[in-house]
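Chemist: If you want the building blocks of each chain, they are given just below.
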Amino acid sequence: MAKRIDVKDLDIYYGDFKAVEGVSLTVEPRSVTAFIGPSGCGKSTVLRTLNRMHEVIPGGRVEGKVALDDQDLYASSMDPVAVRRTVGMVFQRPNPFPTMSIRDNVAAGLKLNGVKNKKRLDEVVEASLKGANLWNEVKDRLDKPGAGLSGGQQQRLCIARAIAVEPQVLLMDEPCSALDPISTLAIEDLINDLKSQYTIVIVTHNMQQAARVSDQTAFFNLKATGQPGRLVEVDDTQRIFSNPSEKATEDYISGRFG
Amino acid sequence: MSSITGRSAIDELPGGDGRPPLEADRASTGRLGDRIFGGLATGSGIFVIALVTLVGVFLIAQAVPSLMNNNVNFLTSREWEPAGAEPRFGIVDLLWATVTTSLIAMVIAVPLGVAVALFITQYAPTWLSKPAAALVDLLAAVPSIVYGFWGLQVAGQYFEPVAKGVDSVLGWLPFFDYTGTPSAKSTLAFAGVILAIMILPIITAISREVFNQVPTAHKEAALALGATKWEMIRTAVLPFGKPGIISAAMLGLGRALGETLAVTILLSGLNASDAFRSTIFNGGATFASKIALAANEFDSAQKTGAYIAAGLVLFILTFIVNAAARVVIDRRKAFTE
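Chains as they are written, first to last, in the numbering used here: chain U, 1 to 258; chain Y, 1 to 337.
The following block holds chain U by itself, in its conformation from the complex (with noise of 0.2 Å):
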């Protein structure tokens, strides 16, 4: 189920503004790889490109290639929308949709796809539920609006809406940045149970939780004020928290700057 993300010489562009140049690295299947680095470096809008979100900002757009298992992402042939089906997204702030009970937002992304026996979508929310932690929560309140969840839950239902439609990756962008220490806690545990089966790349500003559940660490910073966001070096999470090749990766995660 889960798949490799090949990323080369990636430029990503604001309109006529390059927010990110020169990206290139592997994600390996059923492996977590954390981004970090300090704000405004492009972290977010390279996972943006993973699954076509980032064309959804007015100017969006890149140069270079994004592969899933050799098929280019990027491909005239391709359509954004089957990019999305494949390449699941949990965002920074808690996001369910406020107008349907917890059921439904689990079961939305099944809708889209035309899924309508009754039987079958109650088997992939509780499924997705469990999934997600979650079940034992709500089990007897799924009629209820999910926004009334606490927002370590709301986390957790948006979580389980994305692998509701069983994506090849789950992308993360700084999912625990509105959460207290427990409900982050629960999050990063779910993360290392989803990575029998997905292929997961996180963004973080903290670099305790990259340690924590990465294999992989990515660290990106800005070339200089106003240029654009650059990769400095990936490697094993390990490695870049002990050892790292580059001066600044050391500086960053010693916290001499950012």
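It should be emphasised that the hints constitute simulated quantities derived from the structure, not laboratory data.
Only a predicted model underlies this, so the values are computations on that prediction, with no experimental measurement involved.
Computed footprint of chain Y on chain U; a stretch qualifies when at least three of its residues, placed anywhere within it, have a C-beta under 8 Å from a C-beta of chain Y:
| id | segment |
| --- | --- |
| 1 | 53-60 |
| 2 | 92-99 |
| 3 | 108-117 |
| 4 | 158-171 |
Note that CB positions come from ideal geometry on N, CA and C, so glycine has one too.
For this one, chain U is given, so just place chain Y on it according to the hints.
Modeler: Below, chain Y without anything else, positioned relative to chain U:
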């Protein structure tokens, strides 16, 4: 949405994890400025409520004596002879014409207005959306007398083939039977079309406002699940905007029910002896147009009271419509932010 439904989004946002929303009283500090402003706000609220109550009381007080003298049932009679020693007046025809024209206007204007608002907020490129929005708003600035004249002199002639077309397809239904008298431009149906154009800007403007407030996070949530643009609108934009659309429709309906000048100019009156016909291609008079036509003949309290009674029914009708809208909105309250 807030200014229309009378409910601010802040009122319903939970104040963080599970905490109840802030309540006005607890937020008050008891300082002088707070008390003055609180007093002013409360006073304004009471003033509006008092105003509505007084209008109601006035209408009832003026209408009741005439209604007591009425020789036929006010609610079921088609006659309208409010003057003289033995007045006979009932509202069936007026109610029929008012409701029919307004419903026709709603059926046309609500889907169209929502579609225009969706185009402006979701589909149109930036350079087009602002001018397009301004143009639609401009429709609201056209005085209703102009709509009436334009309908009568210009647009009306093009309605003849429309009426014939509807008659040839749906004429077997009693509602769509077009006989040619009165001519198409003087019918309830055409008045409804003109009303639709008049309420279109209200519905578009409010829907547009609500659609613009749909948080990017919700739209991106839908897109990230693999929704197409239309699916995104269906999943994120329309549900979020639903209370606003209902408010917009009700405001439009309120305007349509009460609109006077254009309808007065367009509709051809019926003779008292004409049999009742349930087709939308008939003439008639709405509450408002009937009252307007008689405005210079209010010579006796009895006669005036009869018209005021008609106005009272219009008042109650509008009230019921708004109350119904509120119930619909409140039923889904838990599911709106």
